[in-house]
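Colleague: Below are the chains, spelled out letter by letter.
There are 2 protein chains.
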Amino acid sequence: MRMRTMTKKIQIYDTTLRDGNQARNMSLSLDDKLNIAQKLAEFGVDYIEGGWPNATNQLDIHFFEQAAKLDLGSTKLTAFGSTRRPNSDVEQDATLNSLVEANTPVITIFGKTWDLHVKKVLKTTLEENLLMIKESVQYLKSKCEEVIYDAEHFFDGYRVNPEYAMQTLLAAEEGGADCIVLCETNGGMLPMDIREIMEVVAKTINTPLGIHTHDDSGCAVANSIEGVLAGAVQVQGTINGFGERCGNANLCTIIPNLYLKLGYECLSSSELKSLTEMSRYFSEIANLHDDIKQPYVGASAFAHKGGAHIDGVMKDPTTFEHIDPALVGNDRVYILSDQSGGSTIVKKLQQFLPHIEKKDPLVGQILAKVKDMEAEGYQFEAAEGSFRLLAAKEFGLYKEPFEFIGFRVMEEQKGGSHDPSAEATIKVKANGKLVHTAAEGDGPVNAMDNAIRKALEQFFPELADIRLIDYKVLVINGKEGTGAKVRVLIESADKTDTWGTVGVSANIIEASWLALLDSINYKLMKDSI
Amino acid sequence: MRMRTMTKKIQIYDTTLRDGNQARNMSLSLDDKLNIAQKLAEFGVDYIEGGWPNATNQLDIHFFEQAAKLDLGSTKLTAFGSTRRPNSDVEQDATLNSLVEANTPVITIFGKTWDLHVKKVLKTTLEENLLMIKESVQYLKSKCEEVIYDAEHFFDGYRVNPEYAMQTLLAAEEGGADCIVLCETNGGMLPMDIREIMEVVAKTINTPLGIHTHDDSGCAVANSIEGVLAGAVQVQGTINGFGERCGNANLCTIIPNLYLKLGYECLSSSELKSLTEMSRYFSEIANLHDDIKQPYVGASAFAHKGGAHIDGVMKDPTTFEHIDPALVGNDRVYILSDQSGGSTIVKKLQQFLPHIEKKDPLVGQILAKVKDMEAEGYQFEAAEGSFRLLAAKEFGLYKEPFEFIGFRVMEEQKGGSHDPSAEATIKVKANGKLVHTAAEGDGPVNAMDNAIRKALEQFFPELADIRLIDYKVLVINGKEGTGAKVRVLIESADKTDTWGTVGVSANIIEASWLALLDSINYKLMKDSI
Numbered sequence: 001m002r003m004r005t006m007t008k009k010i011q012i013y014d015t016t017l018r019d020g021n022q023a024r025n026m027s028l029s030l031d032d033k034l035n036i037a038q039k040l041a042e043f044g045v046d047y048i049e050g051g052w053p054n055a056t057n058q059l060d061i062h063f064f065e066q067a068a069k070l071d072l073g074s075t076k077l078t079a080f081g082s083t084r085r086p087n088s089d090v091e092q093d094a095t096l097n098s099l100v101e102a103n104t105p106v107i108t109i110f111g112k113t114w115d116l117h118v119k120k121v122l123k124t125t126l127e128e129n130l131l132m133i134k135e136s137v138q139y140l141k142s143k144c145e146e147v148i149y150d151a152e153h154f155f156d157g158y159r160v161n162p163e164y165a166m167q168t169l170l171a172a173e174e175g176g177a178d179c180i181v182l183c184e185t186n187g188g189m190l191p192m193d194i195r196e197i198m199e200v201v202a203k204t205i206n207t208p209l210g211i212h213t214h215d216d217s218g219c220a221v222a223n224s225i226e227g228v229l230a231g232a233v234q235v236q237g238t239i240n241g242f243g244e245r246c247g248n249a250n251l252c253t254i255i256p257n258l259y260l261k262l263g264y265e266c267l268s269s270s271e272l273k274s275l276t277e278m279s280r281y282f283s284e285i286a287n288l289h290d291d292i293k294q295p296y297v298g299a300s301a302f303a304h305k306g307g308a309h310i311d312g313v314m315k316d317p318t319t320f321e322h323i324d325p326a327l328v329g330n331d332r333v334y335i336l337s338d339q340s341g342g343s344t345i346v347k348k349l350q351q352f353l354p355h356i357e358k359k360d361p362l363v364g365q366i367l368a369k370v371k372d373m374e375a376e377g378y379q380f381e382a383a384e385g386s387f388r389l390l391a392a393k394e395f396g397l398y399k400e401p402f403e404f405i406g407f408r409v410m411e412e413q414k415g416g417s418h419d420p421s422a423e424a425t426i427k428v429k430a431n432g433k434l435v436h437t438a439a440e441g442d443g444p445v446n447a448m449d450n451a452i453r454k455a456l457e458q459f460f461p462e463l464a465d466i467r468l469i470d471y472k473v474l475v476i477n478g479k480e481g482t483g484a485k486v487r488v489l490i491e492s493a494d495k496t497d498t499w500g501t502v503g504v505s506a507n508i509i510e511a512s513w514l515a516l517l518d519s520i521n522y523k524l525m526k527d528s529i
Numbered sequence: 001m002r003m004r005t006m007t008k009k010i011q012i013y014d015t016t017l018r019d020g021n022q023a024r025n026m027s028l029s030l031d032d033k034l035n036i037a038q039k040l041a042e043f044g045v046d047y048i049e050g051g052w053p054n055a056t057n058q059l060d061i062h063f064f065e066q067a068a069k070l071d072l073g074s075t076k077l078t079a080f081g082s083t084r085r086p087n088s089d090v091e092q093d094a095t096l097n098s099l100v101e102a103n104t105p106v107i108t109i110f111g112k113t114w115d116l117h118v119k120k121v122l123k124t125t126l127e128e129n130l131l132m133i134k135e136s137v138q139y140l141k142s143k144c145e146e147v148i149y150d151a152e153h154f155f156d157g158y159r160v161n162p163e164y165a166m167q168t169l170l171a172a173e174e175g176g177a178d179c180i181v182l183c184e185t186n187g188g189m190l191p192m193d194i195r196e197i198m199e200v201v202a203k204t205i206n207t208p209l210g211i212h213t214h215d216d217s218g219c220a221v222a223n224s225i226e227g228v229l230a231g232a233v234q235v236q237g238t239i240n241g242f243g244e245r246c247g248n249a250n251l252c253t254i255i256p257n258l259y260l261k262l263g264y265e266c267l268s269s270s271e272l273k274s275l276t277e278m279s280r281y282f283s284e285i286a287n288l289h290d291d292i293k294q295p296y297v298g299a300s301a302f303a304h305k306g307g308a309h310i311d312g313v314m315k316d317p318t319t320f321e322h323i324d325p326a327l328v329g330n331d332r333v334y335i336l337s338d339q340s341g342g343s344t345i346v347k348k349l350q351q352f353l354p355h356i357e358k359k360d361p362l363v364g365q366i367l368a369k370v371k372d373m374e375a376e377g378y379q380f381e382a383a384e385g386s387f388r389l390l391a392a393k394e395f396g397l398y399k400e401p402f403e404f405i406g407f408r409v410m411e412e413q414k415g416g417s418h419d420p421s422a423e424a425t426i427k428v429k430a431n432g433k434l435v436h437t438a439a440e441g442d443g444p445v446n447a448m449d450n451a452i453r454k455a456l457e458q459f460f461p462e463l464a465d466i467r468l469i470d471y472k473v474l475v476i477n478g479k480e481g482t483g484a485k486v487r488v489l490i491e492s493a494d495k496t497d498t499w500g501t502v503g504v505s506a507n508i509i510e511a512s513w514l515a516l517l518d519s520i521n522y523k524l525m526k527d528s529i
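Protein sequence lines, in the order shown, are assigned to chains A and B.
With the working numbering, letter number 347 in the first sequence gets 347, and the count goes up by one each step, no holes.
With the working numbering, letter number 113 in the second sequence gets 113, and the count goes up by one each step, no holes.
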């Protein structure tokens, strides 16, 4: 049985800024890259591969210029590139010299392992490729303290021609590489392939080994772990597993697996607590949706929905949780759904109405209401504000703070103009006084938001504190075209709290309005309780 | 080296309708479940676990009543439940009898392996739990031809108390179970744990074994494969890996790994070709976003973006693809992006303008235009229609079919009413004739859609063929609240083609309008080329 007794250090090599940026939908700006580099250094990875600086990639040249000014602590920045071109003089090679000019403490270059690539892509001889590897590493070692060699397509190449594949690694070793990384570039291998091949390599190569995998067989995490167990001291991967095709090995899964389950040293425990924050920060910067199912850090990684599971976790969390979510900075969540029973509802109600008991008949009534609304397309898991309003109404604890009488929204566009103007008028009654006002906005929802605040702020000055921090639209039944139903989720915050509210309608304006109204009503309710 | 020489048959046991339905955001209706069951049977899985029929889950009782009328071919339907309650008479046990009443050819029950659960959750003795397992299996075997026993938390239980864990399996074996499935319920194990433990179990238990894993360590696929290599003849999992927390083992990854990489018999090759369709059908029914990174079947699984990769794949696809995407019914995609160079653009242009050559100076101009628009938030990968319009304009091949003069959209809502009415007026000029008309709709976008079609159909009767088949809204910078920028993607179809178009604006009405206008313009352009 494996135990947490090993204390070997595993180097974490992050390639989010280079290989990760090859993901579809991903296009990091210079500022994004600098911000992420800073965050990665605070998080405590050993290496940050910043990009491939060359004449056709000015952004990465600028990145290395700017990144030199960052304080990255003990984290080392690396510039990435390829070996010299076939039949060229290593000292005159533009690729190698642009790497030297990036002036990083470490340089990483990749070379070809697979004979197919040497012949079809490089269009050179197998012998020349060996020279290219050896001379390039040797040249860079004369210019830079640390050189890492990435053996591209190592496993595919080894399968077809193991002898040649080993020769390419020996060429890098002779050149003086500080670390030789076996890359599973096409991502198609299974764990036993990695294990078998790495064990052979570890017998021949004396240089420290690394492992770099992709997820095309859904085994990138397992393959990285096999690599470490077979002797690799460096793991290359990306935050959230972003990368070309199915993505790179996901460091947000590998790091806790290595540390919590296998006892390797990689990040210290306190840095591990910022793993969830790191993952979500990165999605935000990259403007990508979080994968809620992501192991350890996903919003659902410790979310319990089945009644039996919720019951078990309440009795003892280890019954349905493999680790304590706090170790990686994540939270336990109980999901309200047609599968959750009275005890989930009670637990959620008690968070704001501590006196509620499970036997209260209103609990069943609220559960039924939630189920009805879910059937219409509502979801309350990210809309605590709407859920609490609904519950307060059922309990008779809610007093409408103002009466909504009506709104009109107008929107106009002229051909050729890209500046349509939206205007909203609104009528509300509060403290017996009728207010009829209007506001403009950047689109109809923004105009409504401005109008309702304008109408109400004289009665409820605390509304000035609300900031809308997120606005999400999900088309529920997209196949109905523009007549589809949409669910709008709004996240709001004041000085002390954040809360979510939800609206559903076939009409995006109405759905947005319902969520906006709930946000304002929840703010007023919570301040008065 | 492993080879495709094994021909052992592995049973595929799908639990999408039961365990999969525990995923957050998932709530399948009766019709959804029946549709998915039919599709799974056509796809050719061996078992479909339909649900847990019991008094508090009427939907699943109805499901089994209705499913009995489906023609599922050789696929077997199974009802799922637990062993009898502690200290109850097996013949009188409500859970067991509701399983018998579901009248399926197979019944699956789970029992407790882990002593912690026996004591804390069941609150009974270890001895009674063994009796519960044995008697329950025995009783069901007297009522039903085939009984599968799921050993819940087997691996966690084995770690803590291996002797007791084995006793629970022996109890199921004595009861006459046809298959004993080792469940990695908490999902926290790594591949070597599964390998080590399964090898021990296989030496003691004579009943055929199965493996059921979850993805909390990101190793569900690898763990399932280790289970098969250690002797399991049945794999339990879900389509797209849906399930509670981080999800169940993903059958869409495991099936091609077993068949294409390890040579096991599971689905025939022709059924494997429908894997991608099956995966996407399921997301659609479940109303969940596709995971574009999903191995084998994701929209990006064979998408190439980096210039060097695109170049390599064009020379020989095996350079950067682990399998031929056609084997699983997926497609190769070249991504337009700031990382893609002229040759990607050329390849995309040639699909509708075959005479274009890479050296044409307009190619560089289009690339620059695409990059500018991407910086504004546009994405063209799902918007081929908008990309082609843009290119045709640059090439001077586009003649505006009509002139857009302006629109107004009005929207009104009264307090208490849930039926806001949207109205759009529109002015366009075509063939020298000015048309000014109006239409109502289910929300402003639908009203605009109705108005523009009404205005134009007299000039372009072919517009009657357009159906809007999907409408998606993505908030690009959600943190700006209701003033955020949105990207609207519309998918349209006529009798022969489907095409995507895109619009971006801070105003959702304008973004929708831009995408709608592109859809109509593309339809008119393509019909006239």
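Please note: incorrect hints may appear among the correct ones.
Which copy is meant is left open, so a pair is good if it fits within one copy or across any two.
The calculated lysine-lysine pairs, modelled on DSSO-like cross-linking and capped at a C-alpha distance of 27 Å, are [to be verified]:
hint	residue 1	residue 2
1	Lys-472	Lys-485
2	Lys-526	Lys-393
3	Lys-472	Lys-371
4	Lys-371	Lys-8
In case anyone wonders, no lab produced these hints; they're calculated from the structure.
Colleague: Which hint numbers doesn't this structure obey?
Modeller: Of the numbered hints given earlier, the structure breaks just one, which is hint 4.
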